[in-house]
Amino acid sequence: MSAPAAARFVGTSVRRVEDDRILSGRGRYIDDIRLPRMLHGVFLRSSIPHGRLTGVDLDAARGLDGVVAIITAAELEGVAHPLSTRPDVPDVARPVFTVLASDRVRHVGDPIALILAETRHQAEDARDAIVVDYEPLETVASIEQAEDPARPSLFDDTDSNLLYTEATDYGDPDGAFAGARVVRASFAPARVAHVPMECRGGVADHHPGTGELVYYATTQSPHALKLGLSGVLSQPAEKLRVITPDVGGAFGQKAMLNREDIVVCAASKLAGRPVKWVEDRIENMTAATHARSETVEIAAAIDDDGAILALDVNLKIDVGAYPALPFPPSFLGPIVRTMVTGPYRIEHLRWANTVFQTNKASYGTYRGPWAIESLVREVLIDRIAYELGLDPVEVRRRNLVRMDEQPRKMATGPTLEGVMALETLERASELIDQDSFRREQADARAQGKLLGLGFATYIEPAPGPPDFMSSVGMQLPDERAVARLEIDGHLTVITAQAPHGQSHETTLAQVAASEFGVPLEHVRVVHGDTQQTPFSIIGTGGSRAATMASGAALHATRAVKDKVLEMAGNMLEISPGDLEIVDAVVMPKGDAERGIPLAQIAMAAYFMGVEGEDDGLRSTAIYHQPPGGWSGGTHACIVEVDPQTGVVEIKRYVVVEDCGELIHPAIVEGQIRGGIAQGIGIALLENALYDEEANFLAGTFMDYLVPTSMEIPTIEIEHLHSEPLAEVNYRGVGEGGTIAAPPVIVNAVADALGGASIGVVPMTPEYVLALVDEAGI
Amino acid sequence: MRLENSFNVPASPEQVWDLLNDVPRVVPNMPGARLDEVVDENTWKATMAVKLGPVALEFAADVRREASDGSARRTMLAVKAREVKGRGGATATIESTLEPDGDGTAVMIVTDLHMHGAVAQYGRAVVPDVAGQMVTQFAANLAASLGEGPGPAS
Amino acid sequence: MSVQVSLTVNGVERSAAVEERRTLADFLREELGLTGTHLGCEHGICGSCTVIVDGVSARSCLMLAVQADGAEVTTIEGLLEGGELGVLQQACRDSHAFQCGYCTPGFLMTATELLSENPNPTESEVREAISGNLCRCTGYESIVQAILLAAERGA
Amino acid sequence: MKPPAFRYLAPHTLEEALALRAEHAGDSAVLAGGQSLMPLLNLRMAFPGTLIDVGRVSELAGIREWDGGVAIGAMTRQRAAERSKLIGERAPLVAKALPSIGHPAIRNRGTIGGSIAHADPAAELPAVALALDAELVAASSSGERTIPASDFFAGYLTTSLAPDELLVEIRLPSLPDGHGSAFVELARRHGDFALVGVGAAVALDAAGAIADARLVFIGVGGAPVRAHEAEALLRGATPTDEVYAEAAERARDEIDPGSDSHASGAYRRRIAGVLAQRALREATP
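Protein chains in written order, with this note's numbering: chain G, 1 to 777; chain W, 1001 to 1154; chain R, 2001 to 2155; chain E, 3001 to 3285.
These are calculated hints, taken from the structure and not from any lab test.
Ideal placement from N, C-alpha and C gives every residue a C-beta, glycine not left out.
This list has only true hints and no planted wrong ones.
Residues on chain E that point at chain W, a partial pick, calculated with CB under 7 angstroms:
(1) Ala3029
(2) Leu3037
(3) Leu3040
(4) Met3045
(5) Ala3046
(6) Gly3155
(7) Tyr3156
(8) Leu3157
(9) Gly3222
(10) Gly3258
(11) Asp3260
Just so you have them, the derived chain G footprint on chain R, three or more residues with Cβ under 8 angstroms:
(12) 2032-2046
(13) 2089-2099
Whenever a hint applies, use it, and build me the whole structure from the sequences.
Given below as C-alpha cells:
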C-alpha cells in the first residue's frame, strides 16, 4: 500500500460535485435533450387487461396535423425480433412475445403502437383518434387465479400461468420440525411502484449514413441496455452507443431493457429522424414496473426458550404479464431463499417458491428486492416473542449470530463475517430506552392512548461475501474502472456505475483524490456512456458501488499514481517508494522544496510518452469481491395508533447500522433516510392496486400515495463499525432502509395493539381500525 | 360491478313491457342517449353522453337484445361501449324485470357492469351515484313517454 | 392556434408565440429553453414544476402560458446571484439536501416563497410548507435542514 | 399528458365573460384558478371546445361586508381569503377549512368560486357554503339570480348552474357572535382530499345551551351532505360529550358514503361519526 496522502477526503461530507448543476437548474435530464429534426413519440396502450386485438384503425390518426408515422407490431416485423427469457436460464417457462402487442394485449398499459409527430401534443391528439377493437378475454388478476387451471394461460406457448417452481431443503427441516413447537405467519404485501420522480424515457438518434445508433436513455445499466438493444435490433455493437444523461431516480425501475426502448430505437431507424419518448406519470404508474407482488407463508420450529430451530417458507411471486427483461422470472426467489435466515443462527430451512404470470404490469427489481424475507422473518420473530411471553429483543438476542461465532456459514451457503447485527440490536434497544418506553406505554394505555414499539434486524449483501452469488446460483461480475492522467495533471476516473442520485461523481472522486494526493476538484468522474465506460452488466444496482466501484477506482488510481511516482523518481533520481504526492505536487516525503508539480510530470508524460500497459497514462483496474461484504443493522420505532380512526403516527425512529467506513457521511445518511421513506410508504401508504378484473386503479398521484414531508419523521442514525476485513472497507447502504422499515412499523403497530397478527401492508387506517376492534380495545 | 336500481312507472305492466321492448323508442328516454342505427330487430348502435362538470364522456355502444321473456316480463340487453376519445369503455348486461305494483309497475334493473381504461380508474367510485341519478331521470322520462307524470324513484 | 405571450422571466422580458393549450411549464422548457423546471406528474401533486408567478408559488403544469401573459415569473435559473448559487442554493449544497435532483426546482421555489413570507420558520412550518412537493430520494430531512439553514443565513 | 386543443377566450369584463358564456354555452368550460380543471385537461378527461378564462375579470375578485356577513367574489384566490381578516371574523368556518385545501401553491391559484362551482364532493368549500346557508350569485347575460347552497349541489361535479351562467359571488350570512367553528379531516396523506371531512359550527345562548349548530360532511357521497337531523338534535341541547355522541350517531344515519380504493363506505361512515364529535367539541366556544 502506498503512503497515505496528506489530504484525505474520504470520511468527510465534502460538497457534492453534482450539486452545482442540480441546484442551479442546469442538470440535463432526458426530457432536456433536443436534437435537430427530432420527432416526439407517444405510445398507444391497451386500456383493457386481457383480450384479443381485433382491430386497430389508424386512418383518422394518420390524417391529423403533424403526424409523421405510426409504428405498430407490423412495422416492427424484421426490425425488432420477438422477446423471451434467455434460453440459458434453466427451468423456466419462456413465452415469446412481440415488442409491441400484435394480436393480444395482456395488461392495462400494454404498448400497441408508437405515434410519431412533430410535437408531443399532436402525437397525443393522434393517439386519441385511434380506434382499437378488443375482444376481452377472461383475466388473471391474482396469484390464486393464476393457480386456477380453469383460467386461461396468458400465452399460447405456455400451458399454464406457472412460470417457475423450486423446492429445496437446507439441513434437516423435517427433523427440526418433528415434535417442535411451531409458530406461523403469512404475509401478502400490496404491489408497489418504484416512482422515480423522473419517469422513464429515451431519445434515439439513428444516423442513416453511418448506420450508427445513439440512444440517450434513463437507465441504471447502460451496457446491459446496449447488449439487449443490439440483439433485438440486430444492431452491430460497434455502431450502438448508449448514453445516460442525469437520471432522476430509478430504485431498480431503470435497470430493464424496456420494450419501449426497443420501439423508440426502431422508430428512429424507420423514420430516419431522431425520436424522443418521455413517459408521463400515468404511463409510469401503469406500464413501467411494479414490485413486492408476493405472498409468503412462513413457519418457525422453536424450542421453549425461543431458539429458532428451523424455518419453513413458501413464497409465491406474481411477476405480471411479461418478464422484465433481462431478468428471468426465476431471478428473485433464489435471492429471497438465500437471505431468509438472515443474521440468525437458523440451521434448517424448508423452501418452496413458485412464480406466476398475471394480467398486470411487469415485476421489476425494487430497492431491496428480496425484502420480503426480512419482513416475514422479523414479524414472525415478534410473534414468537408474544407466543412465549418474551421480549422481542430477547428472542433476537438469543438467535443472532455473535461476532465471536463468525465467520460462519448461513444454512443457505453464504459466509457471515463481520456482521454486527447483535451489537446494533443492543445499541438500538439502548437508544430507544425500552424500559422507560414500557412505562410510558402503560401510562398512555391507561389514558386510552395506544403506543407501540417495534424492532427489526436485517443484513443486506452490499455487495455480499464472495460466496454469496454462488449460493444464489448466479455469477457476480467483478467491477472495472479506468483512471487516466490528464495533460494538466488532473485525473479522470471512468466508472462502470450509472448513478442516478447516489452521488458517485463525489464519492469516487473522494476515493481517487485521497489516493492520488490531489484536490477534489482535480478529479472528474465519468460515467454512463458505453463508448467510454468499462463494461458492466449491472451498472448501478445491488448496493455494489461502495465496495466494488470504490475498490476499482482506488486500484486504477493507484496504478496511475505508481507510474507517476516512477517517472518522478527518474526525474528526481530518487526511489519512487520515497516519494509522495501532496496537493498535486510530487515530492520526496516531507520535502516540499524539491517537489515537482504533477502538471509538469503529466505534460512530460504526454509529450514523451510512457512505457507500459494502457500507454502509461491510464490504467484499468479489475476489482474482485473482498470477504465480508455485509451491511446491516437494527431499526427501532415507536408509533401511536388512534383507536378511533386507525391512523398510525410514527413518533420516533432510530437506526443503528454498520456499513463499514463512511466515504461521505451525509450521502450515507441520505441513502438510509431515503430508503426508510420508501419503506414507510410500503408500510402505511402505497398500493399499486388492481381490481378483481385486473383494471389498474392507481395511475395518478391522487391514487398512489407517495409519502410527503409530513409522513416521514426525523430519523436518528448511529453508525457502528466492525473491524475491517479488507482494504476497501466501504459497503453499500442503499437498500437497508427500505428493507427494515416495513417490519419495524408492522411490529410497532402490532405491539400497540397488544400483539396483533398483521399480514398486510400497507396498513391503511381502515385495516388498523379492524385490528383495534379485533383486539377488543 | 353490480348495480341494482328500481323505480315505479304509473302504467300497466303491459304498457311498460311494450315500451321497454321498443328499443328505438326507449333509448331517447335514457339521459344523454341517442339511437344511431337499427342493425336488425335485436341489434342497435347508440351513442351515450355523460357529462360530469367539465368531464364530457361519449360512448359508442353496440346494444344487443339477448333475451326477452314476455311471460316473465324479463329482458336482457348486452351492451359493449367504447369511449370515443380513448378514455376506456365498458361492457354491461342489463336485466330488466317488471312486476305489477298497485296501479303501476315496478321496474327492477340489475346491471352487471365491467369498465376498463380511464373510466374504470377514475369512474368506479362515482358510478353508483351517477347511475342512480340517471335511472331517476330515465324513470321520469319513461313516465312522461307513457303520458303520465313521474312516479317515485328509489 | 397560437397567441403572442409576453412576460418577464427571471428579470428578462420574453415574448413568444405559443399554442393556447401549452402549459406554462412547457412554455418555459420548450420555448424559452429553461429546462431547470421539471415535470414530474402533470396533475398538480408532485410539485416539481413549481415556479414563482407574481410573487407567489404556482404549479406551472396547472397554468397555461397565456395565463402568465404580463406576469413576472421566477424559475430555479433565476435563483442564481451573479452567476453563483444563491443563499438558499448554497444552504442546500451545504446540507446535502438532494440526491437525484429531479424534484429540486420545485422544492427550491417553494422554499423561496416560504422564506419570503416567513424568514424564521420552525421545523414543523418547513415540513408543512414543503408537503406539497414529493421527493423520492431523501426522506425530506436533509431538505428541511437546508431550508432551516438558509433561514439562519438570512436567505 | 398534454391538454387537447381548445379555443381560449380571456374576457376582461364580466359583461364580456357572460356574453361569451352565452355564445359558447354548449361547449365551454370556465377557467378560474385552474387547479381542478387543468389536471382534467392534462389527463385528457375534459375536452372543452372553448375555455373561458375569467382570471382577468377583476370585478370578480374581492371580499366585502355583506348584510352582517361577508360576500366573496368568485375569483378571489383561496390564499387571499385565508389571509382575510373579514372572513376570519365573519365566516371563521371558511378560515378553518381553507388550510386543508391542497397546499399553498394550489391555494395561491385556486379560487373560492372555482372550487364551489367545480362541486367536488370531497372539497371543503362546497361543504362550507352548504353549512353556512350561502347564497350563491349566478349571473348570465339575461341577469342575476341567487341560488341557496342547498339547491346548488346536484351531484358529482354537477351543480344547478345553467350552461350560460357564471358563479360570480358567494354570500355568507353570519352566524351569531361568539360562535365557534372547526373543520376536521381524515386524509391518507397530508394535503390529500379527505376520506371524510367534517365542518362544524356551534353557537351557545346566554344559558350555555346550543343556540345554533351546523354540521356538514365531505367525502361521503356525490355531494357534500348537511346533517339536518343532527343539527336539530343539537339545537337547544347542552353541549356535552354525550349529546355530541348522539348527534354524531344521528349524522351517521344521514349519510350514505360509497367505497373506493382508499376506504370502504362502512369505514367512512364510522369515521364520520368520530370526526363529527371531534369537530363539534373543537367548535364549541
